[in-house]
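**Student:** Listed in order, the protein sequences are those of chains A and B.
Residue numbers for the first sequence follow my numbering, beginning at 1 and rising by one.
Residue numbers for the second sequence follow my numbering, beginning at 1001 and rising by one.
Bear in mind the hints are in silico, worked out from the structure with no lab data behind them.
Some clues are possibly wrong.
To be verified - Partner residues are not named here, just some residues of chain A that face chain B (Cβ under 7 Å, in silico):
(1) Ile78
(2) Thr112
(3) Glu114
(4) Tyr115
(5) Leu117
(6) Ala118
(7) Asn125
(8) Gly139
(9) Arg140
(10) Val144
(11) Ser156
(12) Glu158
(13) Ala159
What the hints assert, rightly or not - Partial chain A-side listing against chain B, Cβ under 8 Å, derived:
(14) Arg52
(15) Leu119
(16) Leu154
Predicted model only: the values in this text are computed from it and were never measured.
Where is the CB? At the ideal position from N, CA and C, for every residue including glycine.
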Amino acid sequence: MNTKIATILLLASATTLAACAKKAPEVLPPPPVERVTQVQTTPQPNQTAGPRVGTQQHFADAVGQATTIYFDTDRYNIDTQDAAALQAQAQYFARYPQVTFTIEGHTDERGTREYNLALGERRANAAKNFLVSLGVDPGRIAVVSYGKERPVALASNEAAWAQNRRAASVIIN
Amino acid sequence: MTKKLLLLLTAALIAAPLAAQDLGAPMGEDQPVESVQVEGEGEAGPLRGTVTDESAWSDIGIAIPAFATDRERPTPANQDGTGALGREIARVITADLRNNGLFKPVGPDSLPQPGFAQITAPVFGTWSGRGAEMLVHGYVRARDDGRLVVGCYLYDVALQDELVREGWVVSPADWRRSAHKCADLIFSRLTGESPFFDSRIAYIAETGPKDHRVKRLAVMDSDGANHRFLTLGSATALTPRYSPDYSKILYLSYVDGNPRIYVYDIGSGKQTLVTENRNPTIAPRWSPDGKYILYSMAVAGNTDIYRIPATGGQSERLTNNPGIDVGGSYSPDGRRIVFESDRSGSQQCYVMDADGTNQKRISFFGGRCATPEWSPRGDQIAFTRIAGDFNVAVMSPTGGNMRVLTRGWQDEAPTWAPNGRIIQFFRTEKNTGRSSIWQVDLTGQNERRLPTPVDASDPAWGPIRP
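Please work from the sequences and hints to get the whole structure.
**Tutor:** In structure tokens form, the structure reads like this:
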């Protein structure tokens, strides 16, 4: 299992994680702006090409689609695909221990407002707990729920809802 | 909200909670309306002909000609003076009674105008000839101190008898309240029900695209007039609730980056956190006497319901369950609370004693039960029924006699009129995400959209105004 995840992680920097998506949305959110990224094991803080450490772009370049995990309707469990994405995040945060971040919990629009706020909180905390179990210091992780207030996909259909049921890690800078 | 702003707010949270910065100008205190003796001879006659059959209400023809004035005088309430104001008052009464599907009133624009002397001595022949069964007369008098006296009289045309009369002294700014008071008087006398027109609604005004929605705290009269925005829109505001005395509004704001409940003081325009705590707090509610605030708080991801004295102090945890327990609505006697929980695996409605004991599920009719709200009359609980679509439904406090009242794609968050006869809710459009406030009566047959200047959600109907 660990070997498999490690393999995925190695691939993650060069490709995207979309290929292994079991329950990925049919229409994925727009990918991060493509940049020429060095696949490297040591940070080079003073490099001029590419985004700075401590920016969302740097994080996204490193982990690809794994900045965000997705959930089934009304669920908040971390499945194997989520676990792989969070492993990628944990590895990034281990490499850059100065980086702090917020996990934003979201729901789709097909729920009542207050329940969705509570559900988004559950999802963000599920992601946080998993990262902590992988060794990320909980003091580096803020959590916020937006419920159904901030959709990324705007249609009212299953594909859009699947994109909106998410926990997104956002770098604080 | 822009991403940059979001990051700023998040940073502010990490650093230190800042004072709220999203508030508009304060509204000032609500003025009470004083009742007075009005013109007329002796006591009102014996009460006869009370209408109790709901189906018959809408058939009653009520003539509401312009209110007369004893003397044409200028008033800040109307640039054309007290005579023109009398016509406006009759229009507001007509709209109140018509818009709620309760009666078929005929307003001042298609009726002859009675003189001041006729207000207490109607020429019944004029009105019976027009087919009116009920007749409303009234007058406006500007006092020397600038305040207005408004008298309101209801007559039974066939009996040629006065049914009820009342008068109020209002400041010119509150002239619409005298019209709502008159509509309430007519409604109560003809139906035997409690009044509801002289009340206000707190809600969330929405603008902007679906993924960058601007949500502001706003208030309006029960007919949509006297609209005010209370927050500026830089922070998302949600789920307001008027205090029973209209002095405060509880609502959720992201002003410090996290969802937190604030107590907004209407007089001063200042606000405070409901509880000093690092955890997110959502779903605020008042107890019927205004002494307690219910809120839901997530600790390490798990949401439970708490209560705290409105004056501050120690919070008390009412639910303790690994499921999501959220919301809550007191029975009118304050002894019980209906709330929603997904402890069974999906959202269902539960009732508990006000101290959190005796929790038991009441919804067993298939589908999900969310956002329960206890009627001010105590006899029904309104809720959002989720069974494919989202619809507003009612049930008895034990979960019986479930009836679905609306048929929208997503109708959510019912709130009761002060008399427990009408329910408001908000309806969200598929795909566009646009929302609007609607109301429906308990038959489900009279449904209408409330006029709001922009899109609207999360309505919270306050009680009858003091």
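**Student:** Does each hint hold? Answer for all of them.
**Tutor:** The hints, checked one at a time:
1. Ile78: Violated - the Cβ of Ile78/A stays beyond 7 Å from chain B, reaching only about 12 Å at its closest.
2. Thr112: Cβ of Thr112/A sits 4 Å from chain B, so the hint holds.
3. Glu114: For Glu114/A, the interface hint holds, since the closest Cβ of chain B sits about 4 Å away, which is under 7 Å.
4. Tyr115: Cβ of Tyr115/A sits 6 Å from chain B, so the hint holds.
5. Leu117: Holds - the Cβ of Leu117/A comes within 7 Å of chain B, reaching about 5 Å at its closest.
6. Ala118: Since the shortest Cβ distance to chain B is 4 Å, the answer is holds.
7. Asn125: holds, 3 Å
8. Gly139: Since chain B brings no Cβ nearer than about 11 Å to Gly139/A, farther than 7 Å, the hint is violated.
9. Arg140: Nearest chain B Cβ about 11 Å off; hint violated.
10. Val144: Nearest chain B Cβ about 6 Å off; hint holds.
11. Ser156: holds, 4 Å
12. Glu158: violated, 13 Å
13. Ala159: Violated, because the Cβ-Cβ distance from Ala159/A to chain B comes to roughly 13 Å (cut-off 7 Å).
14. Arg52: violated, 15 Å
15. Leu119: This hint holds: Leu119/A lies near chain B, its Cβ roughly 7 Å from the closest one there, short of 8 Å.
16. Leu154: holds, 5 Å
When the structure is compared with the earlier hints, violations turn up for hints 1, 8, 9, 12, 13 and 14 and for no others.
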